[in-house]
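K.L.:
Sequence:
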Amino acid sequence: MEEKSEERTKKFLALGHSEAENHAKTQQELYEKHVKETSSVTNVISEFFKTNLFGFAWHYLKSRFGPRHPYQAYPRNGDTGIYRLQSSIPSREQISIALLSDWASDTAESDKVAHLVSRYAPDYTIHMGDIYFVGTPKEVEENFTAPYASWYYGASGSLALSGNHEMYSNGNAFFQHLLPAMYAQVGEVRKTQQAGFFCLENDYWRVIGIDTGYTSVSRPLLEIVSPPDCHLKKEQVEWLRDIVKLGDAGDKRGIIILSHHPYISAFREEYTRPGAQLRELMGEFERPVIWFWGHDHRLVIYNKDVNGKGPVAFGRCLGHGGLPVEIKMPDNETDIEKIHLYDRRVRLELGRFKLGYNGFVKLSLDKDKAIAEYIDLEDTCVFEEEWTIKNGQLDWKIVKSLPELAVR
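Residues in the sequence shown are numbered from 1 upward in steps of one, following my numbering.
Everything labelled a hint here was simulated from the structure, so no lab data went into it. Predicted model only: the values in this text are computed from it and were never measured.
Calculated pairs, PhoX-like style, for lysine-lysine (alpha carbon to alpha carbon, straight line, at most 25 Å):
{"hint": "1", "residue 1": "Lys328", "residue 2": "Lys338"}
{"hint": "2", "residue 1": "Lys304", "residue 2": "Lys328"}
{"hint": "3", "residue 1": "Lys252", "residue 2": "Lys390"}
{"hint": "4", "residue 1": "Lys112", "residue 2": "Lys354"}
{"hint": "5", "residue 1": "Lys338", "residue 2": "Lys400"}
{"hint": "6", "residue 1": "Lys328", "residue 2": "Lys354"}
{"hint": "7", "residue 1": "Lys245", "residue 2": "Lys233"}
{"hint": "8", "residue 1": "Lys397", "residue 2": "Lys338"}
{"hint": "9", "residue 1": "Lys397", "residue 2": "Lys367"}
{"hint": "10", "residue 1": "Lys138", "residue 2": "Lys112"}
{"hint": "11", "residue 1": "Lys367", "residue 2": "Lys304"}
{"hint": "12", "residue 1": "Lys400", "residue 2": "Lys390"}
{"hint": "13", "residue 1": "Lys309", "residue 2": "Lys234"}
{"hint": "14", "residue 1": "Lys245", "residue 2": "Lys390"}
{"hint": "15", "residue 1": "Lys252", "residue 2": "Lys304"}
{"hint": "16", "residue 1": "Lys367", "residue 2": "Lys245"}
{"hint": "17", "residue 1": "Lys309", "residue 2": "Lys252"}
{"hint": "18", "residue 1": "Lys390", "residue 2": "Lys369"}
{"hint": "19", "residue 1": "Lys369", "residue 2": "Lys252"}
{"hint": "20", "residue 1": "Lys112", "residue 2": "Lys400"}
{"hint": "21", "residue 1": "Lys112", "residue 2": "Lys328"}
{"hint": "22", "residue 1": "Lys309", "residue 2": "Lys233"}
{"hint": "23", "residue 1": "Lys362", "residue 2": "Lys338"}
{"hint": "24", "residue 1": "Lys367", "residue 2": "Lys390"}
{"hint": "25", "residue 1": "Lys252", "residue 2": "Lys362"}
{"hint": "26", "residue 1": "Lys397", "residue 2": "Lys252"}
{"hint": "27", "residue 1": "Lys397", "residue 2": "Lys304"}
{"hint": "28", "residue 1": "Lys400", "residue 2": "Lys328"}
{"hint": "29", "residue 1": "Lys400", "residue 2": "Lys369"}
{"hint": "30", "residue 1": "Lys304", "residue 2": "Lys390"}
{"hint": "31", "residue 1": "Lys369", "residue 2": "Lys245"}
{"hint": "32", "residue 1": "Lys304", "residue 2": "Lys362"}
{"hint": "33", "residue 1": "Lys362", "residue 2": "Lys400"}
{"hint": "34", "residue 1": "Lys338", "residue 2": "Lys304"}
{"hint": "35", "residue 1": "Lys191", "residue 2": "Lys245"}
Label-pair distances were calculated between CB atoms; the ranges are:
{"hint": "36", "residue 1": "Asp395", "residue 2": "Pro137", "range": "37 to 47 Å"}
{"hint": "37", "residue 1": "Ser87", "residue 2": "Glu349", "range": "39 to 49 Å"}
{"hint": "38", "residue 1": "Thr380", "residue 2": "Arg241", "range": "37 to 47 Å"}
In this text, a Cβ means the ideal position worked out from N, Cα and C, and glycines have one as well.
Using the sequences plus the hints, can you model the full thing?
P.N.:
Structure follows, in structure tokens:
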């Protein structure tokens, strides 16, 4: 008898969420899915996981050996990677950007989130990394490029960052299949995304997507025991310094950083090296940043803070795009103190396991204001916040918050 999807979800949840365990389950499911050559467009979210660790060992070794795809950086093909933000409606000055991370799971939940994004018709859509299971061409097709794929392409642009899952297959499909489908509209010209990072900007804001995925893997097996630091490669640092000119003290625009891996986390590893590199590039010009990331499968609003040698950041975790959403509290008080708000509402119960709400963020840039609306898959705005940029500094306020998001 075929195992019920709920039972498979319980097994996944019972094992926990380390990258080694996650990779073990996803590799086995990937193999079985491709062997069966299923024609299903969308998986039930609870059919996502298997626990055959013996099968994992063979498939992991098979997929992880071989060189990573050559790194791509700007300038490339005459493109600098910096694009002027433009509204898809000429008479409207406000820019809207949908931010999604850990979305590309080809599940009913990810489809519902994507269809909801389409109803808002944002100017830009950005996927902040992790294509499940291991970022193969077939998975890129099912989530992004097939006629039936549910990803919404913004009229002004659609861009992507890589996570660790894209790199489990050495990044080949990310660079060869996904990036050629991504673009930014510059006037009447559609420019194809040339590298795994970018900068969208106007007179008030710079939205900088950084690549932490390429360096999130190292040697097979060793990367499981000792996770890499996700540092920014030399080519990306040079781009930030020489082309983006991140250290220009005369540039007082607000900075919004997007990455896959977390600068701050109360639940798993923190990746402080990219933050330290960014702070070093900023030089003596002290300024806070807004930083959105994924990787942790939950929605968390962190307190304004500094981590290691990085910048002061308003940190936000958006890893609730398409996978089972975790709602467990951190294990110790020190980690709990990092959190300002945390969506722990229960959407689904499977035995003793409780799962939360998937969703995305609608970011609106309106002159000197940046407004973030956190929308769940039931089209409820659970949290709304606003920053105002003035002389390089950020004033922040909460516009709306559900009482259920309170941590204490």
